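**Q** The primary structure of each chain is shown beneath.
2 protein chains.
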Amino acid sequence: MAIRYELIHTCKQSGARYGLLHTPHGTFETPIFMPVGTLATVKTLTPEEIKEVSDGLILGNTYHLWLQPGEDIVAAHGGIRGFMHWDGALLTDSGGFQVFSLTDMRKIKEEGVYFKHHKSGESLFLSPEKAIEIQEKLGADIIMSFDECPPSDATYAYTKDSLERTLRWAKRGKDALKSDQALFGIVQGGLFEDLRTYSAEKLIEMDFPGYSIGGLSVGESKKDMYRILDHLNPVLPKDKPRYLMGVGSPDDIVEGVIRGVDMFDCVLPTRNARHGTALTTQGKIQIKNKQFEMDFSPLDPGLITPISKYTKSYVRHLFKAEEILGMRIMTYQNLAFLKHLMKEIRQAILEDRLLDYKKEFFKQYGYTK
Amino acid sequence: MAIRYELIHTCKQSGARYGLLHTPHGTFETPIFMPVGTLATVKTLTPEEIKEVSDGLILGNTYHLWLQPGEDIVAAHGGIRGFMHWDGALLTDSGGFQVFSLTDMRKIKEEGVYFKHHKSGESLFLSPEKAIEIQEKLGADIIMSFDECPPSDATYAYTKDSLERTLRWAKRGKDALKSDQALFGIVQGGLFEDLRTYSAEKLIEMDFPGYSIGGLSVGESKKDMYRILDHLNPVLPKDKPRYLMGVGSPDDIVEGVIRGVDMFDCVLPTRNARHGTALTTQGKIQIKNKQFEMDFSPLDPGLITPISKYTKSYVRHLFKAEEILGMRIMTYQNLAFLKHLMKEIRQAILEDRLLDYKKEFFKQYGYTK
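Protein chains in written order, with the numbering used here: chain A, 1 to 369; chain B, 1001 to 1369.
The set of hints was computed from the structure by calculation and includes no laboratory data.
Quantities reported herein were computed from a predicted structural model and do not represent experimental measurements.
Keep in mind that a hint or two might mislead.
[Unchecked claim] Pairs of lysine-lysine, DSS-like flavour, derived with a Cα cap of 27 Å:
| id | chain 1 | residue 1 | chain 2 | residue 2 |
| --- | --- | --- | --- | --- |
| 1 | B | K1320 | A | K137 |
| 2 | A | K288 | B | K1109 |
| 3 | B | K1320 | A | K130 |
| 4 | B | K1051 | A | K51 |
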């Protein structure tokens, strides 16, 4: 087995899980947040900086790297890790989410999905087998099954049909796998609890080393997302890691952890950073705002890091002048903040006080509920 | 005296100067190349990285910082050094070059220059006194007189009139200076040797701690530039530093050093880096070229630095994908290369073999002459 999950402690107050994820490239405490390195780079940062602001496990995107520069160039470097010079651990998605986002340009068949390149218009085809083949070349420690992620407002009938096909695809991907990478099954089923149970049970029968929860954070309400997570928590096996795909706002992370999630990824902390939004221990700030023009305090007075030496006034200046260093500083801050948040969450779990922590954190961060 | 220049050795083969420039923020070996940090940031790099790829002396632009964020915000941080968190030494220009570049939008009067903001269209005024006042707030170790830089094809009559006014402005700036910053006089006179002599002699009478050579590398031929440098070399005092403004291509640096220049700055190494041109010990390369798609060698096999771990293939991918890390890597390379070049030049001067070095370097770099 390429990876192994070890449940160490369950928070007596919240039921949240503290565990260890053993991978070929390190053992990681969970819950963990994984920064997104779409094109074999966590935007603006070097691998050394990613090390500093992550827990050592990051994500790459199969769809993007397949199209650019192509999986063979990446494979010739020994995979994404060699290509970008990352010595930590790595997870790749299957490309499914990106393909299904191209709603007007794709055709779903039993064998796979036919679609057009989002830029060139070139005809392309992705299947469960192809997604595995590409991911084998990209060489991540943890890889994903090719799945359909239906929109959150899809009908019961559509969601069920899609789910059945996704389950057949999961089996085909598993059968196609030749490497010893850890292939996760992805639970779908939209907002329908019985379909979610059905999806999870069928995947568990196939015995994957970990389970992803897909099809959430795609437009549904937070209430619906938490309901589905609540529903899945007792269904998923305790001895396998659970990865909530594409979720990464601080409140959703805390709520996800309380509902048994171990792994998170999200592009927003880094994307928002490049647009001037800082996540700080005192809440979100938009650094371009006039109020920071003469503010000489660091971006996050509550979190001392190598970027604390820069004043808000300076970072604001960099953003107003569209200077790249501004984006670097903000990206660093947002990931450092999430790393800090995950550490606090894990500590609170170990001390059986995650609900208390949630209350304090939400208040300090400025969440109103 | 805020700075002091010490001539240590004159190359017996070329006449080039090796010296020490003592400043309040460090002593620097000359000849030296100064990276440009226009808006209180050397584009894409942190101060720590600038330290690695420079000799510790960088340049800031008065015009840009005056308009954005304004000199008072910079001054409130203790000057550019505090603002950008740079603990090395610093030089600022006077803003004159930028103002005179706005050819259609400015009016030159005896008192100063009236012009429109290059973006907002706002009416602005810059004078010798104002340029000093702003530079005092920016707080560099070395500052520049406010001068007019006429186009390289200006007539003798225009160049002479302009030069006389620039000399009056130099005197006014010197009289206005209240700080102990080192104010340099700027030699103008276009491509007319007698005007260059006249300019230099008048400035030397005023006794500046250093002399800049302006109005070169503004469109004239290299032959003309080298002719003016040859002409000025014996005119300028041996015990003061000479700064050739805006010059920074490897061949012009070597030729400038041979003609007695001690200090250089240029935005091209960093600007070209962001457009994919790497300066390497084997010559220039455009990293976006197809030939590097599967090239697994480092950007510059002849210069080992922290960015040598990235393959050309990876850096090319970053550029094709418009990833910021690509611009960071290339900026680092180009400045590291220039730092390396300056070190080799200084060594060659000390060993009285700069003409031999020039020959070897030009051959290796791919210059045809």
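**Q** Each hint: holds or not?
**A** Right, here's what the structure says about each hint:
1. K1320(B) - K137(A): Within the cut-off at roughly 21 Å; holds.
2. K288(A) - K1109(B): Since the Cα atoms of K288(A) and K1109(B) sit roughly 37 Å apart, the hinted pair is violated (cutoff 27 Å).
3. K1320(B) - K130(A): 24 Å, holds
4. K1051(B) - K51(A): Judged against 27 Å, a Cα distance of about 22 Å means the pair holds.
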